[in-house]
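Student: Sequences are here, hints too, so could you generate the full structure?
Number of protein chains: 4
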Amino acid sequence: MDKNSFALRPPMGWNSYDYYDTNVTEADVLKNAKFMAKHLKPYGWEYIVVDIQWYAYNTASMRDKFQYIPFGKNEMDGYGRLLPCPEKFPSSISGQGFKPLADQIHAMGLKFGIHIMRGIPRLAAHHHLPILGSNVTADMVADPSSVCEWNPDMYGIRKGEAGQAYYNSILELYASWGVDFIKVDDICATGFNPHRGYGRKHEVEMLHKAIENCGRPIVLSLSPGPATVEESWHYTRYANMWRITDDFWDNWETLLYMFDRCEKWQDHVRPGCWPDCDMLPLGRVGKHFGHERHTHFTKDEQKTMMSLWCMFRSPLMLGAEMTLLDDWTLSLLQNRELLHLETGNFVSRQVLRDKKQRVWVAVDAETGEHYVALFNLTDAALEISVTLDECKAQFSGVTFGEGNYMEIWSGESMEGNVIHGTVAPHGALLFHNQ
Amino acid sequence: MDKNSFALRPPMGWNSYDYYDTNVTEADVLKNAKFMAKHLKPYGWEYIVVDIQWYAYNTASMRDKFQYIPFGKNEMDGYGRLLPCPEKFPSSISGQGFKPLADQIHAMGLKFGIHIMRGIPRLAAHHHLPILGSNVTADMVADPSSVCEWNPDMYGIRKGEAGQAYYNSILELYASWGVDFIKVDDICATGFNPHRGYGRKHEVEMLHKAIENCGRPIVLSLSPGPATVEESWHYTRYANMWRITDDFWDNWETLLYMFDRCEKWQDHVRPGCWPDCDMLPLGRVGKHFGHERHTHFTKDEQKTMMSLWCMFRSPLMLGAEMTLLDDWTLSLLQNRELLHLETGNFVSRQVLRDKKQRVWVAVDAETGEHYVALFNLTDAALEISVTLDECKAQFSGVTFGEGNYMEIWSGESMEGNVIHGTVAPHGALLFHNQ
Amino acid sequence: MDKNSFALRPPMGWNSYDYYDTNVTEADVLKNAKFMAKHLKPYGWEYIVVDIQWYAYNTASMRDKFQYIPFGKNEMDGYGRLLPCPEKFPSSISGQGFKPLADQIHAMGLKFGIHIMRGIPRLAAHHHLPILGSNVTADMVADPSSVCEWNPDMYGIRKGEAGQAYYNSILELYASWGVDFIKVDDICATGFNPHRGYGRKHEVEMLHKAIENCGRPIVLSLSPGPATVEESWHYTRYANMWRITDDFWDNWETLLYMFDRCEKWQDHVRPGCWPDCDMLPLGRVGKHFGHERHTHFTKDEQKTMMSLWCMFRSPLMLGAEMTLLDDWTLSLLQNRELLHLETGNFVSRQVLRDKKQRVWVAVDAETGEHYVALFNLTDAALEISVTLDECKAQFSGVTFGEGNYMEIWSGESMEGNVIHGTVAPHGALLFHNQ
Amino acid sequence: MDKNSFALRPPMGWNSYDYYDTNVTEADVLKNAKFMAKHLKPYGWEYIVVDIQWYAYNTASMRDKFQYIPFGKNEMDGYGRLLPCPEKFPSSISGQGFKPLADQIHAMGLKFGIHIMRGIPRLAAHHHLPILGSNVTADMVADPSSVCEWNPDMYGIRKGEAGQAYYNSILELYASWGVDFIKVDDICATGFNPHRGYGRKHEVEMLHKAIENCGRPIVLSLSPGPATVEESWHYTRYANMWRITDDFWDNWETLLYMFDRCEKWQDHVRPGCWPDCDMLPLGRVGKHFGHERHTHFTKDEQKTMMSLWCMFRSPLMLGAEMTLLDDWTLSLLQNRELLHLETGNFVSRQVLRDKKQRVWVAVDAETGEHYVALFNLTDAALEISVTLDECKAQFSGVTFGEGNYMEIWSGESMEGNVIHGTVAPHGALLFHNQ
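Taken in sequence, the protein lines are chains C, F, U and A. To get the working numbering, take the position in the first sequence, counting from 1, and add 1. To get the working numbering, take the position in the second sequence, counting from 1, and add 1. To get the working numbering, take the position in the third sequence, counting from 1, and add 1. To get the working numbering, take the position in the fourth sequence, counting from 1, and add 1.
Hints are computed from structural coordinates only; laboratory data are not their basis. The reader is advised that the hints may include incorrect statements.
Identical copies go unnamed one by one, so any copy, or any two together, can satisfy a pair.
As the list claims (entries may be wrong) - No more than 20 Å apart at the CA atoms, straight line, and that leaves these computed lysine to any residue pairs for SDA-like: (1) 160 - 138; (2) 100 - 136; (3) 32 - 378; (4) 210 - 416; (5) 35 - 394; (6) 35 - 290; (7) 160 - 65; (8) 202 - 416; (9) 160 - 5; (10) 210 - 354; (11) 288 - 418; (12) 42 - 326.
Because the structure is a prediction, the values reported are computed rather than measured.
Tutor: Next up, the structure:
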């Protein structure tokens, strides 16, 4: 199996976290899957991902004090493998796990993903549970000092055969359920706790091997960021996508920061290997965090976000509760001119950079088809321009297509070799050659 | 209670770690206490400290793989308080704890100390044990992300009344046993894991309050280092001694490094507040680590170490198995001219510093009595000299005594206002005015 | 000479920088000196300090591009010693330097200070000028890689006799002029450019020796901060005051940050050794920076600043153009209850600390006289209280005076052992025992 | 011009630094050029590079104190452009610069390179010299705080048209001389002095533009390292090679460290873009540093170095005085099996990594031809093996050629799909499929 064939283009889908926090249920998931199948699937959206603590009981009961209840009750089998909490996922009873839910989602023509925490449950270690496919017990595999800074459920796993056996055992379970995508958490950023960096690296390798071992092409997504560019070779070899910043939410500062991170990662984007700008906090978000709202981003900021994510070719994971999408937001997610950047074969580069503006170019090296994006980082309208020659200079050996441009947000066309326009505060213009 | 009255001079004693690792037994402790009472007590040595994992079973059984067995068996009461393992400390049976042992040591005219890890046992948290003197259970007090990097036993404790109740409950227990000294581990250095720094700070404060609450003047020693000088105000307010480097062993590089640390801490030494250079790896050490040996330090290096520790006024904690001390090493520990630096009222300063040499001066500001130490950091003999005026310049407002000097290691006397001599490689000369 | 006798209490005075930038003239200085002599001297204010580039020509001519003109024209003698620019300081003509001006200021009963940059003028090095009192030329003394990050005038000086000769030559010149205070810049903070740290340290030592050599008790002030607490022993040994933050201006964030820095430095304040919170941007400031204004601080923030500076016993250097002071600001500078903290013999400690509030206590250890300050760091009014026992607990061995308190800003009195009150947003209450 | 066409394979040549330091002369250069033309050119070696301070007088006169004489005499024209010192390069008199020397080297079929320091001479700035092609003077272009940490000659250049004019003026001069390669120093590593990072970045861009402007395909080499991987996109866009470590010399520790750096840079090697492991300290080196010697590397270490440099496809720049090469060293430089890695079309990856060993594979993706290198990092002989499948797993989508292997150092052949062997301490085995 070649993991680079699992995700030939940036994965596009929906993730439960931004709206549901730890409390998403089977009904919530199905409701959103049906919406996607009907309204978004034709535009390339296909993944339905159940985010954190699907195995935990009482997840909403102490939200004023804890996001994750310390030492709380989790559903687990005799081999230390977490199972869906049947109170939230009723179809999982009788040991069926996520299979019934995954089957329903597959029947809609969609793909099914789950979130997991790196490691093995702490209680499996403290109770010396056996590891399936090994004669070693969990206390010898769990590293007692390898804990997540923010979630209390797991211990990291030591390098070695027994640890690999544990990862094999959970991936075989997920494959048997029909899982297509795993978002593994507490495993990507090493800067947060540098001396643990290598520990996390070997767990990425073990997960990669466990996927190969299970025989199912499960996409491997790593979280949270910021991933370090120095380890780009390692992410590239073993994972399909990895977060390049810490959690992204609907405020301008985190969006502004993404430009710097995309700059640094611009040469590391290719099929099977997608640096990840994180979920899109569009539409209705935040309900189970206790502050449900329409995204704080202005429309111009939303265009900027979508333009940057698509130009950079980040994965797109929608955070909104989809059934509550308004028409304007839905139109963003159905914009074929925009999403063609994701579904096509583009390579992209930053062309201009200063404190006020950024210009990015994406080009299909075989056809010369290209897009030019002008971003205004300031709080006032700004005239931005770039010559086609400046764009070409960033792409050694590529021939650009000729012709006029259409600005995709306005639909207006533009002639000539100077791409320019007045860009709204925090806004973007996105030109496509015709 | 004023914690600065608990340790008016730097504590001097013996600690089980360097020779016994995790495996010291009651018999070992008593054997060493008897030796100290007979041979060293007249020179100022008085503490007998039982170091790490006195509560743990089977501590020697997996030494090839682990220093601390992960998720191993510990002796604990129903309130999550660790008790001595009766297999190692037989007198502790029937809930007597360390009281019988402490009583025996007190009867010899010595003081009794124990090592503890910061926090509450992990199993107390996972089992939701009640906390004595509180209606809160351990899972609400333990911080699941606050773990030691190298020892698997405990979780750190959150700030708040319930956490204070837990610390109160253990200090009351220790006071009832007759404990005079606690060395608390995983609590001093914050540089190792900077974002946890403040967490450890509040636990120092809680321990201080628990000592005040228990009513017994228990010396509070913090480990491991390096303590950060920026927090000197905090150590000074709440603790009696704190480690200024990581673990110190018998190699020249760590001794050399101590000079830099003493330089930085030189203005922070005073009664009740003792920056700590760590235990003295003299004589026989290392047995239960699997490499028993006579200290690797040369005699000159041992003189250098003793001169620096005493000039700086570090606490002195002997790491050797005392019953195996050779005569020369014993003479170091019975050197009254040297140990007078610890038992007197000296203030010390570094006077000269370069890559080859260091000169330190200690003076009794009331009497003018003083010592001058010349240290040779190089691998060849070195002529070192300093004028008395240079020494005086470091002590604004202090009058130095007049008279000749005696070099304490050789017994030779010297006249004049230039203190000088040929110092052996890695060696020291220590002059005392007469 | 004992440098700790040069500044037995925190220096109080006026500095030209906040209002005049690089452009202060002799007339400006005299105008302010006269105002101080008449209105502020009785309250303890005494220093008049001429800040940066008094030697430079055309200092105002390129303010839109440069604060300091690169490679501009400076007044210098044949030994590479900078002299006042006669266009700005007419009395300096004919080689008289600052002597005529210093004489005038001394005649008013005030003291005279100047700012200098660490090092030797770059042109002295490039032109191989001779160094007075040495047979070495400037090119052998100047370190070509030791440059200031923001000012283009100087090279740092290498350790050695010839370098010492240069510093001796300028201090002798300053002593001959009657200088009482030098503020040396680009010499205090080492964090900014860590690998150069030691270089700056030896220059502090050379300046200290040059002051001793010149025979005049010139106060040595080091800038800019943040000074590192790890080097507290070094500042203490060689300087009289040193900046503990980067430049302080009239915005709340830098004032808030000062609380953290005062916390870290609280145990390092004593006669001759004054950690420095920087100049007071009160009244009219900013003129020659191109944005003249009344300080942006609210009255409550000004009280907070004055209370913190005085409780901490920072030097007080007024940044305002004094002749434009309004009555309210003038009353701050003439508040005897407040300034008694500076002119008395107080030792101070932080007693409480959290995100919302700080409490500080200052006590005269001989008399028990004390102040308690309650600071509200939030944007809303806050009830703050502290018990006298909590205050006492920070001062081992000190007996506090009894009696009622007066709150100095309101003049109201308060009984009892709980010091408390409702504190305005960003404000302070300051209680003095009577 | 496309800079990626300037260096389609890693540049191979000779550099004067390792043997001659600052003192190489025209005669030395010619002597080495003749040797290369006769003995090494057929194997791919072609660049002759004159390293640092060819413009400086008296370069050998103060070697006990300074490598670079501070504020010394340099040859410079009226536009602030440095010229060869005629005492060292006699053919440069009458303003001919390096043209006569370059002509001679070209006549041998070789290419000519020079070293320059980033920036503009300090004296040009202090003397306000005019900039050719601009109406601005040097003082407005030089950044007085942008200085090299170790060389005193230059100031960095501000961003802008006038600064670009200066870089254009020197590149036009170099093009007129026939320069084929510039090694620009003090411009690559940003970690050393992080806050200056961006300053250096804009100078790289200006140099790139100046090369495009001059019309001659001059290879741009950046020094010193370590380059930061986060900026790989920037090096890739504007330079042809860049150093990935600090200066490399003949000791095992720096060679060992290179493995870690090659690991991090392994995905960033491609035509026109060559991460640079630095010069090869083989044969006779160090003469003008005052410790002439045969390289301290053992023969096994030399094989390891050559195998790593060639597998990684680093540029190869010989540091030895070539006319003193012994036969064994010469044979290393004439090994066609080895150098085929540099002259071919290989892509390489690290396959195995632990503390004892490294395995690297290089493959020609079009033909499947490949090499496997086994490196022993330990001080004892080590059995190392890797399967062909493990190698293939690192190259998604590449078909490997079949057949036996020849180990190039021994000439022995090996059958089967497990590449293995006993590797000497610090040594390497290098297998080539046949």
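Student: First find the shortest C-alpha distance between residue 160 and residue 138 inside one copy, then the shortest across copies, and answer within, between, both or neither for a cut-off of 20 Å.
Tutor: within (14 Å within a copy, 35 Å between copies)
Student: Please sort residue 210 with residue 354 into within, between, both or neither, judging by C-alpha distance up to 20 Å.
Tutor: between (40 Å within a copy, 16 Å between copies)
Student: Can you tell me if residue 35 and residue 290 fall within 20 Å by alpha carbon in one copy, between copies, both or neither?
Tutor: Answer is neither: 24 Å inside a copy and 63 Å across each miss the 20 Å cutoff.
Student: With identical chains, the pair residue 100 and residue 136 could be close in the same copy or across copies; at 20 Å between alpha carbons, which is it: within, between, both, or neither?
Tutor: Neither: 28 Å inside a chain and 43 Å across chains, both beyond 20 Å.
Student: How would you classify residue 35 and residue 394 at a CA-CA limit of 20 Å: within, between, both, or neither?
Tutor: Result: close neither inside a copy nor across copies, 46 Å intra and 39 Å inter.
Student: Please sort residue 210 with residue 416 into within, between, both or neither, judging by C-alpha distance up to 20 Å.
Tutor: Answer is neither: 52 Å inside a copy and 28 Å across each miss the 20 Å cutoff.
Student: Could you figure out if residue 160 and residue 5 sit no more than 20 Å apart (CA to CA) within one copy, between two copies, both or neither?
Tutor: neither (24 Å within a copy, 42 Å between copies)
Student: Pop the pair residue 42 and residue 326 into one bin, within, between, both or neither, using alpha-carbon distances up to 20 Å.
Tutor: Result: close within a single copy only, 15 Å intra versus 69 Å inter.
Student: Within, between, both or neither: how does the pair residue 202, residue 416 come out at a Cα-Cα threshold of 20 Å?
Tutor: neither (50 Å within a copy, 34 Å between copies)
Student: Checking residue 288 and residue 418: alpha-carbon separation at most 20 Å within a copy, between copies, both or neither?
Tutor: Answer is neither: 47 Å inside a copy and 47 Å across each miss the 20 Å cutoff.
Student: Measure nothing new, just compare the shortest in-copy and cross-copy C-alpha distances for residue 32 and residue 378 to 20 Å and report within, between, both or neither.
Tutor: neither (37 Å within a copy, 47 Å between copies)
Student: One pair to classify: residue 160 and residue 65, alpha carbons no more than 20 Å apart. Within, between, both, or neither?
Tutor: Cα proximity of residue 160 and residue 65: across copies only (17 Å, versus 37 Å in one copy).
Hint compliance for this structure: hints 2, 3, 4, 5, 6, 8, 9, 11 are not met, and every other hint is.
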